[in-house]
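Q: Using this note's numbering, read the sequence shown as starting at 3 and increasing by one per residue.
Since the hints were derived computationally from the structure, they do not count as laboratory data. Glycine included, every Cβ here is placed at the ideal spot set by N, Cα and C. One thing to keep in mind: the hints can contain errors.
[Stated by the list, open to error] Here are the simulated DSSO-like pairs of lysine-lysine, each with C-alpha atoms no more than 30 Å apart in a straight line:
no., residue 1, residue 2
1, K78, K152
2, K165, K32
3, K147, K78
4, K165, K147
5, K165, K117
6, K152, K165
7, K147, K117
8, K117, K78
9, K153, K78
10, K152, K117
11, K117, K153
12, K153, K165
13, K117, K32
[As the list claims (entries may be wrong)] Derived CB-CB ranges, DEER-like:
no., residue 1, residue 2, range
14, E41, V199, 40 to 46 Å
15, T104, N28, 26 to 32 Å
16, A82, F51, 14 to 20 Å
17, A175, R154, 22 to 28 Å
18, D42, E146, 34 to 40 Å
19, G140, S100, 18 to 24 Å
20, G75, P193, 37 to 43 Å
21, S200, N241, 34 to 40 Å
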Amino acid sequence: MERRPLGQTGIDISVLGLGTVKFGRNEGVKYPQTFEIPEDAALRNILSFARELGINALDTAPAYGTSEERLGGLLKGQRADWVIIGKAGEEFENGISSHDFTPAHFEMSLERSLKRLQTDYIDVLLIHSDGNDLDILGRLALIEKLQDFKKRGLVRAIGASTKTPEGGIKTLALMDVVMATYNPEYTVERPVLDYAVSHHKGVILKKALSSGHTQNPGEALNFGLSHPGASGIIVGSINPAHLRANVQAVSRESLLSDSSGV
3 MERRPLGQTG
13 IDISVLGLGT
23 VKFGRNEGVK
33 YPQTFEIPED
43 AALRNILSFA
53 RELGINALDT
63 APAYGTSEER
73 LGGLLKGQRA
83 DWVIIGKAGE
93 EFENGISSHD
103 FTPAHFEMSL
113 ERSLKRLQTD
123 YIDVLLIHSD
133 GNDLDILGRL
143 ALIEKLQDFK
153 KRGLVRAIGA
163 STKTPEGGIK
173 TLALMDVVMA
183 TYNPEYTVER
193 PVLDYAVSHH
203 KGVILKKALS
213 SGHTQNPGEA
223 LNFGLSHPGA
233 SGIIVGSINP
243 AHLRANVQAV
253 SRESLLSDSS
263 GV
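Required output: the full structure, derived from the provided sequences and hints.
A: Quick look at the structure:
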């Protein structure tokens, strides 16, 4: 599978990354169908299959239930094979989300994530925004804390998972990477991708499949990847057939582009 540079971070990610919400949480999610959280054996198979398909990026967060703890056990001996994209700022307990954007919480959250994931560093750490992007990004002490994580070697790149175009652009002005929403039905955040191109920053796309509601996944994935600012797309899946179909869709498009000289 094609890999693209994540801005100037020195990190290359597969154009499709695996989201792991479904590894640890099935409450309060926006997918069109309910699902059971898989057993370890099934998740181990999914991870192995993803790696065989060329996927190297994994997206997780403290708000994804037991996702971090489960990944920590499942990835033993494989840390060098994966780019782990983590988050901090949102917690999910007893079916309710809460947010804390203080430097002290981020210190605690990162330390906990490292322990759960059984690693000594996270490749990309993102602020898990509640939608008040500009307010959060205006907290200088928080940005300094994230920069401190980089200096200490605890993370390789920093940024935010935002919900507004203004927040996405501000993230890229201050940090390395943004996670933004962009799909055929929602192009409001296109200026974020445009800004990334002109400033050589990294963009990871989320909700490219509209949380599973899109009618044409292949078209939606290739729409997102056709923008030069997009490094990769995170797609959550616990279904090997869906994962293979998504990989085949972007691989076919890549082959067509290569053969046509585009």
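Q: Quick check: which numbered hints come out false for this structure?
A: Result: no hint breaks.
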